[in-house]
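K.L.:
One letter stands for each residue in the lines below.
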Amino acid sequence: MNKLTITKAKTGLKNKDFSAVGLTKACLDEIKKTEPKLNAFVTITENEALEQARNADKILNNSTIEQLNNYPLLGIPIALKDNFSTKGIRTTASSKLLEEYIPPYDATVVKKLKDAGAIILGKTNMDAWAHGSSTETSDYGATKNPWNTNHLPGGSSGGSAASVAANQCIAAIGSETAGSIRQPASWCGVIGLKPTYGRVSRYGVIAMGSSLDSPGPITKTVEDSALILEVLAGVDEKDATTSPKEVSQYSKNLNKDVKGLKIGISNDYFIKGIDKEVEESIKTAIKKFESLGAKIEDIKLFDPKYAIDVYTIIQRSEVSSNLARYDGIRYGKDRDSFEEEAKRRIMFGTYALSSGYYDQYYNKAQQVRTVIIKDFEKAFEKVDIIIAPTSPSLALPVGATKDASMFGEIADVLVEPSSIAGLSGINIPIGFSKSGLPIGMQIIGPQFSEQLVLSSAHQYEINTQNENWKKLEPKL
Amino acid sequence: MKINISHIAKLANLSLLPEEKSKLEKQLEETIDYVKELNQVDTKDIEPTSQVTGLENITREDTAKPSLSQDEALANAKSKHNGFFKVNAIFKENE
Amino acid sequence: MNKYTPVIGLEVHVELKTNSKMFCSCSADYFGQKPNTHTCPVCLGLPGALPVPNKKAIEWCVMIGLALNCKIPLFSKFDRKNYFYPDLSKGYQISQYDKPFCQKGFVELSNGKKIGITRVHMEEDTGKLIHEGNSSLIDFNRSGVPLVEIVTEPDFETAEEIKEYLQKLQQIIRYLDVSNADMEKGEMRLEPNISLRKAGEKDLPKYKVEVKNINSFGFVSKAIDYEIKRQTEILENGKTPVQETRGFVEKKSSTVSQRVKEEASDYRYFPEPDIPPIRWTDKQISDLKSQMPELANQKIIRFEKEYNLSKYDSQLLTKSINLANYFQEAVTVGKKENLTPKQIANYIINKKVDTENILPAKLIQNILSSNKVGDINEEELKTIIKKVLSDNPKIGNDYKKGKDNVIQFAIGQVMYVIRKKIDTEILRKLILEELK
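Protein chains in written order, with the numbering used here: chain F, 1 to 476; chain R, 1 to 95; chain Z, 1 to 436.
Heads up, some of the hints might be wrong.
[Stated by the list, open to error] A few chain R residues facing chain F, derived, Cβ under 10 Å: (1) Ile-3; (2) Leu-11; (3) Thr-31; (4) Tyr-34; (5) Val-41; (6) Thr-53; (7) Leu-55; (8) Ile-58; (9) Ser-69; (10) Asn-82; (11) Gly-83; (12) Lys-86; (13) Val-87.
[Stated by the list, open to error] DSSO-like, lysine-lysine: derived pairs with alpha carbons at most 27 Å apart: (14) F:Lys-111 x R:Lys-65; (15) F:Lys-374 x R:Lys-44; (16) Z:Lys-34 x F:Lys-333; (17) Z:Lys-34 x F:Lys-87; (18) Z:Lys-208 x R:Lys-10.
Derived from the structure by calculation, the hints contain no laboratory data.
Just so you know, these numbers come straight off a predicted model, no measurement behind them.
A virtual CB, placed ideally from N, CA and C, is assigned to each residue, including glycine.
Using the sequences and the accompanying hints, generate a full structural model.
P.N.:
Here is the structure:
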């Protein structure tokens, strides 16, 4: 049961093939079984989950079909990245500093999930403070990649991605500042959607890069991703950067085919040193799109290497300010509890904003940000979506991040430009390496093009669902 | 260009051990060096973007709503007293 | 002859009396409340909380700027001011740096001097720090309350000018009804920047001393005077006063150096990413302007012109907007009874009328009955007396010659005109007054 998708689970619950409690128990059992190897969770909320499941079953048994439409995720067990504030449940951002912090309020995303009837299984592991692309810099130990536990799951939403890949949950929620959904989704072979910045409320998400953070779903299928986005998206009066744009019924419009769809491919994204298998797989996937009727067009994009610099400066500057509230007075431990990576980023961010340096670092980075935004605008005049590899490498082995002072920022080169521009992007798995590690591809669209990004991804997914690699399962 | 690592640590409210300071100094220099390439990008007459949403004038009405209770507000504090958060004495500036 | 001229600029913070705080919906009415009972994730700086600005607070800030003759730029934004202090829950204060809501205004003083207003901007207040033994206690009820900061050019030279400015500013703010501006309650806070330069010199001094903790009008002169004296002594010794922040000590009417930070504060301002910028249209600004009541300085001019009152009386009657409105209403009512604004003004001022508890209509009645000399209005009577005396110059001449009984004749003449019952003693007194 824990291997089900949201769509299948919903059908099963509706048809009374199983109960919400049964489904939740199946997930909890899988978690118990695989956690010693995976370490995907920081906190497992077994009692609360079962309580929520019992309530879900009550509603399931006493509602009409119409009434059930008010609970689009009723009875679906979901894992939450541990940077989403959960009322009464400790929220740590995988940092020791917040080891004992219990929020008195729910993040808007959490409230929406609960209102939709979802079951919260627990809080998943991440790079501490979301500072990373490996989940190796968690203060609670690294999460392992379910496909090969000697490798990392990517990050910073590594726990969520691993949990979905390992079928510990039906779906998970992550957040992306630059790559933190798409990259671990790529390394773990699952769907990871980074919505347009401002599409989903950040209220209650422990802030990393305020102008970049985008909460989003990590799921087994594109349809599941659309189902969750429908619930999460929308303006929030508590987050002044959320868009008042109407929320589409994403899951109902996935069948738009890709005939005539103009897909842009930029050579600049096949960077030097890219894993050859990744490159080959992407090229194969592109051909697949072509066979479905899409038009592939070569485009020139602004060299993504500059995005590393822009992202490093802007993100670390915002981090240095966002982490200033952790002084140990109102909650948490004092600032000595920050580990190395956090200190590193705070220091650089402080430096970049400091007197005399603001113009050459922060301001300059924001100017190049404008260049990147305009570059994408120009590209999207020619093409509808852009396809590229999500990560230049496969899931790296445990220990890869040791002593690397800019590991995350460099690893995320291919996803940073679209994050900096606040665009929408999704990772879909397109195969495996010979070594058995997942390979992912990203589809990027303009701001608020989630529908197109999702339907394009969906078309690829359903047209490759019979490929052999689809039958593979992690062996834990 | 020498970075005053102690000064930055002070601004950042981080107390660093000497080993940390020298390690961070080196790493900071590495990062500064790395991002230097941004100067290759011509940004003459380019406006900086601090917000990608393009939103403006997002405000709220002046209505008071219930607050957290005193207990909720203090629940996570490691040191409190009579409804206040407590810290070691900060010497008042003009005493 | 003073060798040195003071160069003083003022920073005034005004706490707005909005219902809710600047960036969250907690009640802003924190005074006297139990500690930490008016907080929420936003003003407590909990992880994940986000600010949403208070529309009314912003409008009130612009009104203050308009009242101070400022220009209102059509584009404005919030910025983060980063520093650490236990009463600053986020480790940064949301304020405005380079694009404040209001700029370049002025306030005119009675000596004709125009004090330049550099800027008026919006920010949020911090929590409150209290001492108890070896600890400091923090209450965040005040954290996030809207503050308007008004900065002047260093145009002040005397404590008197400063006091007048503060009184004018307080009056404007109270007229606008955006704050009670009570210094003792911390609703209006003052920080002067004081330095001295050689008399006749035009350049700004190379240092300035900021003084904090001046908690009432009464202490303003004491603080300023002490600082001027202190700095004069240093300069006389050929040294330059240290650029620093000093605290006013009430008990000693002196200032003391606060712990000087080794490095100057580096606030690392950057645009607040959580709050979209504000862009006004001209119409919105003119709408705000039209919502503002007529301010005291305009009222004074109008009272002088329309009501023929002296500047002094006009100033008294416009001390508060309530009094001014009261007076205007009384004038309207009094007109029907042929009472002049001057009469009403005199009555209110001289008789120290309790305008809170007597309605204007009742006031007019009171004036009328107090003026009645029997059944007739005093002013009317005086007019008649004047006419009788001018028609009968013999009365005046005879009186000068010492013929007292001519007064009786005068009384008779007046009574003949009035044909009403009247107290002859009062009439006699008035005639005698007039003859003088």
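K.L.:
All hints are to be evaluated individually against the structure, with a verdict given for each.
P.N.:
Cross-check of the supplied hints:
| no. | hint | in the structure |
| --- | --- | --- |
| 1 | Ile-3 | holds, 7 Å |
| 2 | Leu-11 | holds, 5 Å |
| 3 | Thr-31 | holds, 5 Å |
| 4 | Tyr-34 | holds, 6 Å |
| 5 | Val-41 | holds, 5 Å |
| 6 | Thr-53 | holds, 5 Å |
| 7 | Leu-55 | holds, 7 Å |
| 8 | Ile-58 | holds, 4 Å |
| 9 | Ser-69 | holds, 9 Å |
| 10 | Asn-82 | violated, 16 Å |
| 11 | Gly-83 | violated, 13 Å |
| 12 | Lys-86 | holds, 8 Å |
| 13 | Val-87 | holds, 6 Å |
| 14 | F:Lys-111 x R:Lys-65 | holds, 18 Å |
| 15 | F:Lys-374 x R:Lys-44 | holds, 15 Å |
| 16 | Z:Lys-34 x F:Lys-333 | holds, 26 Å |
| 17 | Z:Lys-34 x F:Lys-87 | holds, 24 Å |
| 18 | Z:Lys-208 x R:Lys-10 | holds, 25 Å |
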